[in-house]
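Chemist: What follows is each chain in one-letter form.
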Amino acid sequence: NRKNEAKFKYAPQVNIDQNEPRNAVWGKNFPAEYQSYLQTSDTGFASYQGGSKMRDMLEEDPNLVILWAGYGFAKDYNQGRGHYYSVEDIHNTLRTGGPTGPGDGPMPATCWTCKSPDVPRLMNEIGVAEFYSGKWADKGAEVVNPIGCADCHNAETMKLQISRPALIEAFEAMGEDISKVTHQEMRSLVCAQCHVEYYFNKNLPGKEGTPYLVFPWKDGMKVEDMEKYYDELGFSDWTHALSKAPMLKAQHPGYETYLTGIHADRGVSCADCHMPYASEGGQKYTDHHIQSPLNNINNACQVCHRVNAEQLRANVYDRQRKATENRLKLEEQLVRAHLEAKKCWDLGATEEQMQPILTDIRHAQWRWDYAAAAHGASFHSPVETARVIGGGMAKAQDARVKLARLLSQLGFNEEVPFPDIATKEKAQEFLGMDMDKMKAEKEAFKENLLPKWLEEAKAREAKMSSDKVAEASN
Amino acid sequence: NRKNEAKFKYAPQVNIDQNEPRNAVWGKNFPAEYQSYLQTSDTGFASYQGGSKMRDMLEEDPNLVILWAGYGFAKDYNQGRGHYYSVEDIHNTLRTGGPTGPGDGPMPATCWTCKSPDVPRLMNEIGVAEFYSGKWADKGAEVVNPIGCADCHNAETMKLQISRPALIEAFEAMGEDISKVTHQEMRSLVCAQCHVEYYFNKNLPGKEGTPYLVFPWKDGMKVEDMEKYYDELGFSDWTHALSKAPMLKAQHPGYETYLTGIHADRGVSCADCHMPYASEGGQKYTDHHIQSPLNNINNACQVCHRVNAEQLRANVYDRQRKATENRLKLEEQLVRAHLEAKKCWDLGATEEQMQPILTDIRHAQWRWDYAAAAHGASFHSPVETARVIGGGMAKAQDARVKLARLLSQLGFNEEVPFPDIATKEKAQEFLGMDMDKMKAEKEAFKENLLPKWLEEAKAREAKMSSDKVAEASN
Amino acid sequence: MGFFKNILPPKTSRWRTTAVFLIAVMLGFSFFTAREAEVLSYLSDDPQACVNCHVMTPVYNSWMHSSHREWASCNDCHVPHNNVFNQYYFKAKDGLYHASIFTLRKEPEVIFMRDESAAVVQDNCLRCHVQQVTQTKYTGWLDSHASNRTDRTCWSCHREVPHGRVHGQSTIRTNIAPLPTDPTMEVVPAWLKNELSNTKSVSHEK
Ligand SMILES: [Ca+2]
Ligand SMILES: [Ca+2]
Chain A
34 NRKNEAKFKY APQVNIDQNE PRNAVWGKNF PAEYQSYLQT SDTGFASYQG
84 GSKMRDMLEE DPNLVILWAG YGFAKDYNQG RGHYYSVEDI HNTLRTGGPT
134 GPGDGPMPAT CWTCKSPDVP RLMNEIGVAE FYSGKWADKG AEVVNPIGCA
184 DCHNAETMKL QISRPALIEA FEAMGEDISK VTHQEMRSLV CAQCHVEYYF
234 NKNLPGKEGT PYLVFPWKDG MKVEDMEKYY DELGFSDWTH ALSKAPMLKA
284 QHPGYETYLT GIHADRGVSC ADCHMPYASE GGQKYTDHHI QSPLNNINNA
334 CQVCHRVNAE QLRANVYDRQ RKATENRLKL EEQLVRAHLE AKKCWDLGAT
384 EEQMQPILTD IRHAQWRWDY AAAAHGASFH SPVETARVIG GGMAKAQDAR
434 VKLARLLSQL GFNEEVPFPD IATKEKAQEF LGMDMDKMKA EKEAFKENLL
484 PKWLEEAKAR EAKMSSDKVA EASN
Chain B
34 NRKNEAKFKY APQVNIDQNE PRNAVWGKNF PAEYQSYLQT SDTGFASYQG
84 GSKMRDMLEE DPNLVILWAG YGFAKDYNQG RGHYYSVEDI HNTLRTGGPT
134 GPGDGPMPAT CWTCKSPDVP RLMNEIGVAE FYSGKWADKG AEVVNPIGCA
184 DCHNAETMKL QISRPALIEA FEAMGEDISK VTHQEMRSLV CAQCHVEYYF
234 NKNLPGKEGT PYLVFPWKDG MKVEDMEKYY DELGFSDWTH ALSKAPMLKA
284 QHPGYETYLT GIHADRGVSC ADCHMPYASE GGQKYTDHHI QSPLNNINNA
334 CQVCHRVNAE QLRANVYDRQ RKATENRLKL EEQLVRAHLE AKKCWDLGAT
384 EEQMQPILTD IRHAQWRWDY AAAAHGASFH SPVETARVIG GGMAKAQDAR
434 VKLARLLSQL GFNEEVPFPD IATKEKAQEF LGMDMDKMKA EKEAFKENLL
484 PKWLEEAKAR EAKMSSDKVA EASN
Chain C
707 MGFFKNILPP KTSRWRTTAV FLIAVMLGFS FFTAREAEVL SYLSDDPQAC
757 VNCHVMTPVY NSWMHSSHRE WASCNDCHVP HNNVFNQYYF KAKDGLYHAS
807 IFTLRKEPEV IFMRDESAAV VQDNCLRCHV QQVTQTKYTG WLDSHASNRT
857 DRTCWSCHRE VPHGRVHGQS TIRTNIAPLP TDPTMEVVPA WLKNELSNTK
907 SVSHEK
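Chains as they are written, first to last, in the working numbering: chain A, 34 to 507; chain B, 34 to 507; chain C, 707 to 912.
Just chain A, same shape as in the assembly:
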């Protein structure tokens, strides 16, 4: 019987604990998957707007610095790269600052949530709310392994499973039960643990003060639904440094926008394109080199689409270019609106006069960010992306017509001059940001605190053993 033969021949090498954060340990049992996973360390591919290369978004599009004035993203923002770098990149970003020890730094511990399989381990050990509490620096020594197996798999059965509470709670909030989904849906939902819009709620009953991770899906996942949700909550991520508008930041609503596209409509999952089958020895395995499918059109697209690779690539670029064209127009409108609002304040406008304008700006930029932040959206759902950008333009127009009237009323009836923000550096300088200081603090952190974290982690992991199966199942 071949089945028994297989069982005999391919016994697992090690027993894996559900809280095992080290991918290499899982890799002993699943070498093909692990080897392909390791390839997410490759940074050699660049497409029109994506790829695994490090891309400085602020350099490529300095408008962003102005749009995020007063917020962490104006300091440093890169296009995401492979899962292999998730921990390294959060160490390096200026957004997390240069903490000198526990309790220090601008970011909360919650920032770790989507960066490592150490997260489910820690949540298991200390509790969810406890995990979210405190500063990012407090848990630096605990979270060291990049995104990996334990984030998506059950260790015993290797079934896909949800390791992050926020997704489960979001389903509950929508009145749905995530344990009732199909296997096909799981092939997208494991990604929806992280590739989604989120916010930190500090006022959850019973958990006051803890920046608890929440996905704002209670009223739906469309741009209008989430806006309503945030408006009713009176929530804002930050106050804009120029316009003083109470802003919302959209973070990669990848899953939400994907759901509105034709591929989701036809039941195509994230894994179908980003983890297509590959074969080894005539047998299929799931390619764990999660990346831009444009670096793998043959397996990722051509099984379903029998047209040539260049045509498929052109289809993708065409949609991305059209989205970019109008997105850039909306960005310019928003930059102007922020500058015009600042001018109004400078000329003595009142809160009452500004309030409707600031609401328009908030809503317009929220739409822009929803359409821009998930880098795949302009292909995943080009029609919805365009609809959202159009909606943002309409709001921006409302704001700017009102601003023109208010400026005249305040005695200024001409175009507000557009500053020189041709590069990231110029834009940051225009805002008076002290980049040298931030970089120096980051360097100090990398020299002093970071090595300590890694040492501590190494010592901890050295104590964790990985049982050989033979020993365990004696």
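Treat the hints loosely; a few may be bogus.
Said to hold, decoys possible - Some residues of chain B that are not near chain A, with every Cβ distance over 10 Å (derived):
hint : residue
1    : 51
2    : 210
3    : 342
4    : 463
To be verified - Sample of chain A residues at the chain C side, in silico, Cβ under 7 Å:
hint : residue
5    : 104
6    : 191
7    : 192
8    : 194
9    : 213
10   : 214
11   : 216
12   : 315
13   : 317
14   : 319
These are calculated hints, taken from the structure and not from any lab test.
All residues carry an ideal CB built from backbone N, CA and C; glycine is no exception.
Got chain A sorted already, so can you dock chains B and C with the ligands onto it with the hints?
Modeler: Just chains B and C with the ligands, lined up with the frame of chain A:
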């Protein structure tokens, strides 16, 4: 025995002349095609925004009356219906007015061009420029058969052929040779004789004064290309009654927008969806019931898409709804811009002050119309349609911010009141249009002149015989 | 005759003649259907049996041009292979169903597989490919591995296996496909045969 049915037997009943405008005569040789063609007389189907039903567009969306103030379309505009009605509908529309005899009425003869197989006959008999000369009423007795066989077919071989000079000339202008196209392209190009943007050029060298039909494709078919073409020509269709902007009217750029969509990219032709094959007893024929494919999803879509009909319909409606949402926003912006410009003139603005604003309005509304006028575009090419609407919004914003500044300068620093244009009637009244008079003139035309045209035509056609094959090939 | 007693009205009833007539018509119709559509051809494994109906020509032609032609015939995919009884039962049931639809001219322009047929095809894909689509080593110890790999129709990704992208009655220009009932085709046309035999005889004479 059904198997024998499959063996095609073609025995022509009559000899058909290339200039034969009567579809029934062709129908003697090709009964299946003719019978299905006759079904374009059905007016029983309505979809979300299309179908064969008569739909009064001005009633469904009274913004249009304002957008076209001072132009024929503000009088009367319906969503197109079956080819069977092409002649009846151009008789009935208020746009052609109520001519009382030759030389009378608002429209040129060129208007007949896309309405009948009498057109190639006449062009053949009297010449192309001669056909375009004179008034619409001058040729009323000549053009009586609705769109049909001679518009698309060679009478001898039944091959597809181009019967309209404008398309051939447009290819020449682009430096292409229409006789070199593939058969599959012909399955779209026969439609591109009519379902395209056009204008009447009265200054063609050697044909000065004749409103010669031209497709503005010399610099390309994109919205920006044609805009550039018209701008360089200094062409405008009319001057807006409120804003005095030199306007462009986009007429159903159906072929142009289709070309930018995924179906064209994959080689799917107009006929594939609007004239799918049907079979009757094993005999295949092209379904000549040209209509909304949503009334025929099994043949029109499921040949390629193995999903259920309701899902396909939902896909179409979803794209149409998203386009409509932003199109309506753009319409409101444009209506406001026209009203605001009028207010400026009323307050004594100068030509010089108004000029940049009017250019913005012209460009914004051109984009809107390009995206709206081809009723299929929001499905044929949803991403391009959205891109164009977004571009229109950006131009409208430029106009309105400038308008707000100019209004303030002229002493008016508030919102220009929005009139009550909730219905077509109210909107037409707001513009001071005398609809009763127009309707009365139309009635008089239908009672007096029209019957004479039809009688004259009847007499002419009675003299044309259709040779029986037996006699001809004796 | 007990059977007829039960279904026929009593001899005294005026309905009896009518009923006998109707039964005769029904039987006749069934035979007609069976003959017209060559239902017996369903029992054969020869793909040509399927093209007895011209409505099967498009799928026959697409299969003819697919890589599966050399490996799998219609029945390898469309008929259950789990046991012999099921195989013939399914064939007969399908055969009668297709035949009635065909005779009634109720076939849609674009045919879709029924859910039961889809399940049969899916099983057959697996019958041949299970070794390729599942990892032998994992099937032994990961319980859901096989179902994870097979709970979705194969042709949701392999959309053109084996019938291509475009489906439907009219997707091929001519209805020409070899019918088993056709006489053997003339490979060499008569005039050429003549010509050749002339040449032969001429050269012989030389
Ligand atoms: Ca990337
Ligand atoms: Ca219509």
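Chemist: Next, verify each hint and record whether it holds.
Modeler: Hint by hint, here is what the structure shows:
1. 51: holds, 39 Å
2. 210: With a cut-off of 10 Å, residue 210 (chain B) remains clear of chain A, as the shortest Cβ separation is near 25 Å.
3. 342: holds, 14 Å
4. 463: At roughly 22 Å from the nearest Cβ of chain A, residue 463 (chain B) sits farther out than 10 Å, so the non-interface label holds.
5. 104: Hint violated; residue 104 (chain A) Cβ to chain C Cβ min 42 Å, cut 7 Å.
6. 191: holds, 5 Å
7. 192: holds, 5 Å
8. 194: Hint violated; residue 194 (chain A) Cβ to chain C Cβ min 11 Å, cut 7 Å.
9. 213: Constraint on residue 213 (chain A) not satisfied, violated at 15 Å.
10. 214: violated, 13 Å
11. 216: holds, 6 Å
12. 315: holds, 6 Å
13. 317: Holds - the Cβ of residue 317 (chain A) comes within 7 Å of chain C, reaching about 5 Å at its closest.
14. 319: violated, 9 Å
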